[in-house]
Every structure is written in C-alpha cells, then in structure tokens.
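As you go down the protein sequences, you meet chains D, C, F and Z in turn.
All residue numbers for the first sequence refer to our numbering, where the first residue is 1 and numbers rise by one.
All residue numbers for the second sequence refer to our numbering, where the first residue is 1001 and numbers rise by one.
All residue numbers for the third sequence refer to our numbering, where the first residue is 2001 and numbers rise by one.
All residue numbers for the fourth sequence refer to our numbering, where the first residue is 3001 and numbers rise by one.
Please note: incorrect hints may appear among the correct ones.
Stated by the list, open to error - Simulated pairs of lysine-lysine, BS3-like, Cα-Cα distance not exceeding 25 angstroms:
hint	chain 1	residue 1	chain 2	residue 2
1	Z	K3231	D	K83
2	F	K2272	C	K1141
3	F	K2308	C	K1032
4	Z	K3184	D	K4
5	F	K2164	C	K1141
6	F	K2227	F	K2286
7	D	K4	D	K134
8	F	K2050	C	K1141
9	Z	K3231	D	K49
10	F	K2286	F	K2265
11	F	K2169	C	K1141
12	C	K1144	F	K2314
13	F	K2265	F	K2227
14	C	K1141	F	K2314
15	F	K2337	F	K2088
16	C	K1032	F	K2265
17	F	K2166	F	K2288
18	F	K2203	F	K2337
19	Z	K3184	D	K83
20	Z	K3184	Z	K3074
21	C	K1032	F	K2288
22	C	K1144	F	K2308
23	F	K2050	F	K2227
24	F	K2286	F	K2088
25	F	K2176	F	K2272
26	F	K2176	F	K2164
27	F	K2088	F	K2169
28	D	K138	D	K83
29	F	K2288	F	K2314
30	F	K2050	F	K2080
31	F	K2288	F	K2050
32	C	K1144	F	K2080
33	F	K2164	F	K2265
34	F	K2164	F	K2337
35	F	K2227	F	K2088
For the record, the hints were derived by calculation from the structure and aren't laboratory data.
Each chain, written out:
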Amino acid sequence: MLNKLARWSRIRSPWVLHLNSGACNACDIEILAALTPRFDVERFGILLKATPRHADVIIASGPVTRQMRDRIIRIYEQVPDPKFVIAVGACALSGCVYRGAYNIMGGIDQVIPVNMYVPGCPARPDAIIDGVVKLLGKL
Amino acid sequence: MTDTELIEKLKADLGGKVAEIAHPAPRRLFLKVAPQDLIAVTTRLRDVYGVVFLSTISGVDNGETFEIVYHFSTPETDFNLRTEIPRADPHIASITPVIPGAILYERELQDMFGMIIDGLPDPRPLVLPDDWPAGNYPLRKDWKRVRPEEVIPGGKS
Amino acid sequence: MNFQIPIGPQHPALKEPISLRMTVEGEVITDVDIRLGYNHRGMEKLAEEKTWIQNIYLVERICGICSHSHATCYVQGVEKLMDITPPKRGLYIRYLVSELERVHSHLLWLGVAGHEAGFDSFFMYTWRDREIVMDLLEMISGNRVHYAINTLGGVRRDIDEGQKAKILKGVATLRKRSEYYFYIGANEPTFVARIAGVGYLSKESAIALCAVGPTARASGWARDVRKEDPYAVYNEVDFEVATADSCDVLGRVVVRVKELLESYKLIEQMVKGLPAGDIAVKAPRKAKPGEVVSRYEAPRGENIHYIKANGTDKPERLKVRAPTLANYPATVEMLRKGFIADIPLIFAAIDPCICCAERTVTLIAAGSGEESVVRMSDLRRRAITRHQNAPVKRNAVWPL
Amino acid sequence: MAALRTLLYLVIYPGLLFLFVYSTFCEWFDRKVYARLQNRMGPTHTGRFGLLQPIADFVKLLAKEDVVPEAADKRLFTVLPIIGLAIVSTAGLLLPVWNFDLAAPGFTSFSGDIIVVLYLLSLPTLILFLAAWSSTNPFSTIGGARVLTMLFGYEVPLVLAVLSPAILADSWRLAEIAAFYQAKPLLLLTNLLGFIVAVIAVQAKLERTPFDIPHAETEIVGGTFTEYSGKKLALFRLTFDIEMVVSSGLLAAVFLGGFPGGAVVGFLHFVVKTLFVIFLLSLLRALTSRIRIDQVVSFAWKYLAPLAVLQLLVTILLKGLLS
C-alpha cells in the first residue's frame, strides 16, 4: 500500500534538474521551451528545480566534455535516491557531430547510467515530454 | 577614403615596417609585418587611423612557422595584420597593452598552439581542461589524438 | 565576511556550463574569475578533418540559438573562396531566415532576462510568442532549431506564396506583441528597478575591451556589421542601427527590442521583394588555395570566421570567433562592484552563448587570481576605500 | 473525554490533518492561478484538475532519500523543519474559525492572541535562518543572511498594519475584533490602506516574488533550502503552505470581517476569504519581478512603514471621533 502510494507520487511529481554537459544550446532551449505555455510540463507535475538535492530526474543534454566529466558525476551523486537520467539529443546519446573530437568523452552514458534516451538534433519539446512520461510509465 | 587611397597612405606612412599590402577583396586589407614591428604598427594604426576594434586573432600552423593574423576593423575597412614566427622559437609580443580586448585571443593562442606571448598581463598557463596533459597543443598540425575506447552500456562493447 | 561563491558549472541561471567564481563581501562582488572549458569541444580541430560541405553541419552545431549565423558566416566565406555567386532568390531566403533567427534569439533573450530577474510571467509571455517564429522557421526549413537551410551556393529549400503570407501574418502579430513588451520592459517598476543602472559599461571601456553587438550598442557605440560592411543583401534593404546610451542592462533590453522591430521591417522587405529565379548554384568540391575573412552580424554581435584553403576539399584552417567571447572582458568589468543579485542579470545581458565562445577557448582570467590570506581588518579597509572610490553611485532608490 | 477532544482538536480538526489538506489545496490554488496568469494550465493530470498535485509532491519527497551534508550540524539540521511545522500549526489553532464563541475564551482564543499569532508567524523566519546557517553551504549562508535582512524590513509594517484595526476595535482578541467589524462593516473601509500594506508584508514574509530573495533560483540556487532534500524539504514546504494559510486567515480575520455564522457558514467564510487573500498574493507574484535586497529594505522603510504609521494615525483619529 505504502509502496503503491510512493510509486504513484513518484510518477505524478517528477522534479527535473537540467544538466548541460557541453551541449550546443539547442536542446537546452528546447528543454526550457517545454516549460512555456505551449508545452507546459507543469500539467504533469514536472517542475524544473534549481538544486540537485531537490531533483528526481536529471535531464542531461550535450556530449560529455573532458572538463565536465567529474562535475557530472558529482551532480549525479548529489541527487537523492531514487533518481533517473534522461539523455536528450543526439549529442547526449552518442556525441553527434562532435564524436571523435579531442575534448569529447562520448555520450552521457559513458559517465553515468542513463534510463531513457530521447533522440533528435535537437529533440523537440514534445519528444522531451514524451520521454519523461514514458520513463515514468516504466516505473 | 577608398581602399586604394588608404593603401597608398599606409605605404607612405608606415614605409619599411610593412612588407606588403594585399587587397584581395573590397574592404579587406592584408598587411604583412615583421614580429618585432607588430607593436609599433598596431600603436600607429590605433592612434592615427582609429583602428581600435580587434575582432580576433587567428593562428595558423604553416609547418616551419606559425602565422598569426590580427583581424582589426574600422567602419571603413578591415585591417588584417599578418606576421610569422618560427616554430622552434614561437615568441611574440603581446598587444594587450595597446588593445586591452586582445587578452582572450592571446591566451587562446598560447593554449592552442603553444606560442609564448611575451608581456601578457595575466600569463597564467592555459591548459584546456584541468587534467589536460602538458605539452599538447591541439591545433598544431602534427598533433594527433588517440580516441578513447567507448563502452556501450549494457552492450557487448 | 568574505566568501567565494561558485556560480556554475551547473547553475539555474546558466543554461550552459561555465564557472564564475565570485569573491563577495556580504552582497557585493569584489572579484570575478571566469573559468571556461566546460563546453570546449575542439571544433576547430574537427573542422580540419571534414570536407567543405560537412563543415556546414558542424559549424551549425556550434550553437543552437545562432546556428544559422555560424552556418551563414561560414558559407558566405567559402563561396568567396570558391568564387561562386549564389542567385538573388537564394540570398534573400538565406537572410530572411537569418532575420527570423534574430527575432527568435532576441525574444528568447527577453524571456531569459525576465527569468533571471524572477519575472517569470514575462518569460512565459515572450516564449509563448517565440513559438510563432519557431513555427515560421519550421515551416521554411523543416526544423525548429538547426535549420540546415544553407548550402554552398545558395539555400536548400524554396518558399512559396502561402508561406510568404504566413510569414507576413506572423510578423504582424509579433510586432504588436513586441511593442507591448517594450512597454512592459521599460515601465514595470519592479523590473526597471532591477535593471536600471545595473551593469554599467562606459563607452570608453566598451571600445577598449572590444565589446560587440547589443552590448556595445547599448553603450552608445553604433557598430553593426550589416551597416558598416554590408554583405549580400543588406545594402538593398532599409534598416537602422538601434542604440541606447544608458550603458546598463536597461539599455541592452531597449536595444534588443528596437532591433526586434527593425528585424520585422527587414523581414517584410525581404518577403515582399523576393526576386524570382533559382535558389542555388552548383558548388565545386574543392576550393582554390586562399584565405578569406567573413563577417556576419549575429544576434549577439559580430561573428567572424577566418577560413584558409589549401586546394583540397578540406579547410586548412577554420577559425571561429563567436560574439560572446568578445564580450567576456566587458562582462567582467560590469560584474565588478555589483551585487550578487545582479550576477545573473548582468551575465545574461550579454546574451551569453557559451557553446559559441568555447569551441576552442579555454580559460579566461579576470582579476588578479592571487589566492592569499587577507586579514579581516585589511579587508574592511579595502572595502571602505573601494566604496569611496566607487565611481557610480548605485541607484538603490525605489523608483515608483 | 476532554482529553480525546483535545487530541481530535490537535490532530484532526483544525489541527494537523485539516491544515495539511487545506494548505495543499491552497498551494494548488496558488499554482493554478499563477499558471493561468501566465497562459499555462498548471497541474491538470494528478487527481481531478490536478488537485492532488501538492499531495503527490509531498508524498514523493517523503519517500526520497534524505541527505544530510557532511559539514552540517546534524541534530539542528534535522530538528528545525519539525519545529517550524509545529510553530505554524500552533498559530493555525489560534484563528477564530474554530472557536468563534465570544463569551468563552479558552486556550485558543484569549485576549492578546493576535500578538501571539504575529509572534508565532515571525518565528519560522528564524527557523529558516538557522536552517540555512546550519547547512554551511555558501548559497544557503547568503540565503540565511538575506532572510534576516528582509525580516527587518517587513516585520514592523506588518505588525503596525495588523494592529491598527485592533486598536479601532479596542480588543486584542481576534474573535472580538472580527465581531466588532461584523457589527460595523463600513469601518472595514478605513483599514484598506493597512490591508494593502499587510498583503505586501505577508508576501515578503512568505518569500514569494517579488520578495523571493532568500531562495532566488537564478542567483543563489536554492538559497536557504539548497541542501535540504527528502522529508525535511517536504516538511519545510508544508510549513510554508500552512504559513500561507495562517497569514491569509489572519488578514481575513482582521481586515475582511472575520468568519461570522457559526461552525459551517463561518468555515465557508474562512475558505472564501483566505482564497481571496491567496489570490491577491498570487496576482502580486505573477505581476512583479524579483527586487534586490537593498531595495526591499528601502522600500519597506520608505513606503510600507510610513503608510502603516499613517494607517495607525487614521485609526487613532477615527477612534477619537467615534468615542
């Protein structure tokens, strides 16, 4: 019963933290656009939170740069359990056009475990919302 | 003042300091100067011709030499100062005292080509990420990189 | 009380990673150190390994907000190197997209400025209207952000009469809304209280530090590449360079809104005067050896690409300087002596596009960078002298 | 029996459970109004019209991992949210909704309870400061300093504004003040200025835009709450929601004529009037941008405090005229 309640609440109120690890801004802007009136993710109870401590879901965008790698791990560790990671955009998936550049470590999944991949360059806000909702549906 | 008039004036004014003035396209002047004359020419351009805006500094690796191009612009025309320094001894004087906005671009040169900019007000060594190995300058042509192995999570790798 | 507060690399005010290390005394910033490199991807090296046409898509992904700026700047340079002239219709469509992009970028910026000031309603309103221009761009190019409409020798997609009508209709709506935002931005008392007199940058410092774009124009320095170095179609259309001389964040808001209105004018002229004909010519695979300096006025300021060809199908050197990088020294200047509360606003006021600035650059140091132990009394004495020497008395009065 | 009644009173109605449900409803109302003002829908999919959204948030936070930072004072860090919740809930018991009987003052309705409510409402600020200070995070520390700085700004105008109707009514008991204005509703108009001052001060007390300086997202991340997570954060959020209910209830009791008509009608009055105050607060939140800390203090002392004093003068003059 309690577990059911906790699961229900988790599905209903995912608070997200936006993490940019060297993206080209396009995905970030689309993530932000998902907050705005046309897409309005607050309908699903999704709120963008400022600090990792309050977040449940990390929405990560961009290829991992060498400089960001340790910070990403640190931020991931700061998020209290249970936590989920959504990789948004082609760069976060594999590195996109930057794959193979000297300062790129590859996709986000090279550094932290990823629960959901949202492809697209950049992923549309609709796709991002769909990604979050699908992730929660899996719970 | 048209570009041709300007070239004449520059030739008369700067004389021996400028080796050649190329004019490949409208509003684009390429001036070639010796490294030791760089400061003098920049100061002269700033004081007399009102060239205060530095767009950027490009470095090019030409094998034996490094070519540095300073892109200045004024509302009338663009001045591109070109100078070459030997790869073995890549020293060049800083123009930051003349044009304060140049500091970023000079630090970039130091970082990417391993040139040594003399007289930089803030010469903290520039390394790419914090853990970048010393002595690696990514934009040199002979610098090659070994791509780290990627792991496919949950896959056969 | 002397703190070191880190802003970034992950911080709600910054949508991109950068690290600003602020030394603060109470609420006042005493020193700023900007550390870049979190977004450095090594794009210039990568560009040397790709062909001319592949590089269009690479430079487009330097930045997601001004993607068209980089692509256009690159393409117009390469076209000069290859000695081809795109047809007029292609050029008109190319710069039509670039003006639409300017509109989307400035609307985005207005929203972000509102968000940084805690004015979320403003953010929501401007972003709602931004969707109009996003729809137009999607209609023209097929994608919301990376339009990929440029190709060597022209553009890849044509526009028809129906699309023209839609663009004009969208622009008419946007113009009405922008005037309203202009009114709000300059009149809402709490918002004006936050932005007036904040982030002062005098004209002299703007010139000395080589500031570009709206940052320079808000300091009264009327520089616009479209005007002073008119490329492609800009000598055929009529527009004005928007300036302000209040030298603060309010001035930058005003400049950007004025530029929005100018852009609407440009879009209408371009749509109405769209010539008939082809949209592209065929480009050769290789470029002759040579070099070219290509300048372009991006939404954030002057964008400059230096391209050197060596006769193969790959560039010898592609140097990209994005406007944000040119504005960093000015930002450091503006941040000093500000309040903590002003950091996001001042930083946002240059419309930072960190990913643009960081394709190769790594570390910029402002300030002395010394880490020495200072005694409390010493600090207090310094604070007092600083207050006495502070040039601009901050406008801390509530202007109702 | 009496013990059981007291227990019911404390835990069910109007104690914790009722306050919990009602405050989550108020948070939903606030979020919905805020979203509608921004052209958005607000929560829609959790329960009917998204009514259960704040409860889902609360339960989710309860079920999350609880992180206590290494450098923090663990006992203080843990106990503060509970104290804060206890304080505001106690303040909630003093509202004259549940004990409207003028003739029988009791534990929760006595002469001077208006002062006690004001006092209890200013305590959470201190709790917040301690919480921020004990997290030892630079952002929290700055947030804590800002909390205290703001306290000096809004507290005096709030007290002055709330006290002037009490002076006119010649009573220090909330139920009696409300009864006085129910008898002479026209006199409420004389307190309009005080009401405006009090609404702004309450907005500052609740740390909402334009006064959300202590946890200004874009400046100092989470501010006071940066290091709080899980259960403690849930309790803090609940504390703020209940504080919002109690302060709007206080304003309703003092400025809007209280809650006449016995248990049921009085309760309806309570709901309508508190929602009205919360609507005003949401409106203020949507229409303004965050101001700077120095501007808050100068605004409070240059405009709010003089206006509150003016209101006090008007009240005293009026009282002289009436008597």
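Hints and how they fare:
no., hint, result
1, Z/K3231 <-> D/K83, "holds (16 angstroms)"
2, F/K2272 <-> C/K1141, "violated (48 angstroms)"
3, F/K2308 <-> C/K1032, "holds (16 angstroms)"
4, Z/K3184 <-> D/K4, "violated (53 angstroms)"
5, F/K2164 <-> C/K1141, "violated (47 angstroms)"
6, F/K2227 <-> F/K2286, "violated (32 angstroms)"
7, D/K4 <-> D/K134, "holds (18 angstroms)"
8, F/K2050 <-> C/K1141, "holds (14 angstroms)"
9, Z/K3231 <-> D/K49, "holds (17 angstroms)"
10, F/K2286 <-> F/K2265, "violated (38 angstroms)"
11, F/K2169 <-> C/K1141, "violated (51 angstroms)"
12, C/K1144 <-> F/K2314, "holds (17 angstroms)"
13, F/K2265 <-> F/K2227, "holds (15 angstroms)"
14, C/K1141 <-> F/K2314, "holds (14 angstroms)"
15, F/K2337 <-> F/K2088, "violated (50 angstroms)"
16, C/K1032 <-> F/K2265, "violated (42 angstroms)"
17, F/K2166 <-> F/K2288, "violated (41 angstroms)"
18, F/K2203 <-> F/K2337, "holds (18 angstroms)"
19, Z/K3184 <-> D/K83, "violated (57 angstroms)"
20, Z/K3184 <-> Z/K3074, "violated (53 angstroms)"
21, C/K1032 <-> F/K2288, "holds (21 angstroms)"
22, C/K1144 <-> F/K2308, "holds (20 angstroms)"
23, F/K2050 <-> F/K2227, "violated (33 angstroms)"
24, F/K2286 <-> F/K2088, "holds (23 angstroms)"
25, F/K2176 <-> F/K2272, "holds (20 angstroms)"
26, F/K2176 <-> F/K2164, "holds (19 angstroms)"
27, F/K2088 <-> F/K2169, "holds (24 angstroms)"
28, D/K138 <-> D/K83, "holds (14 angstroms)"
29, F/K2288 <-> F/K2314, "holds (11 angstroms)"
30, F/K2050 <-> F/K2080, "holds (19 angstroms)"
31, F/K2288 <-> F/K2050, "holds (16 angstroms)"
32, C/K1144 <-> F/K2080, "violated (30 angstroms)"
33, F/K2164 <-> F/K2265, "holds (14 angstroms)"
34, F/K2164 <-> F/K2337, "violated (49 angstroms)"
35, F/K2227 <-> F/K2088, "holds (19 angstroms)"
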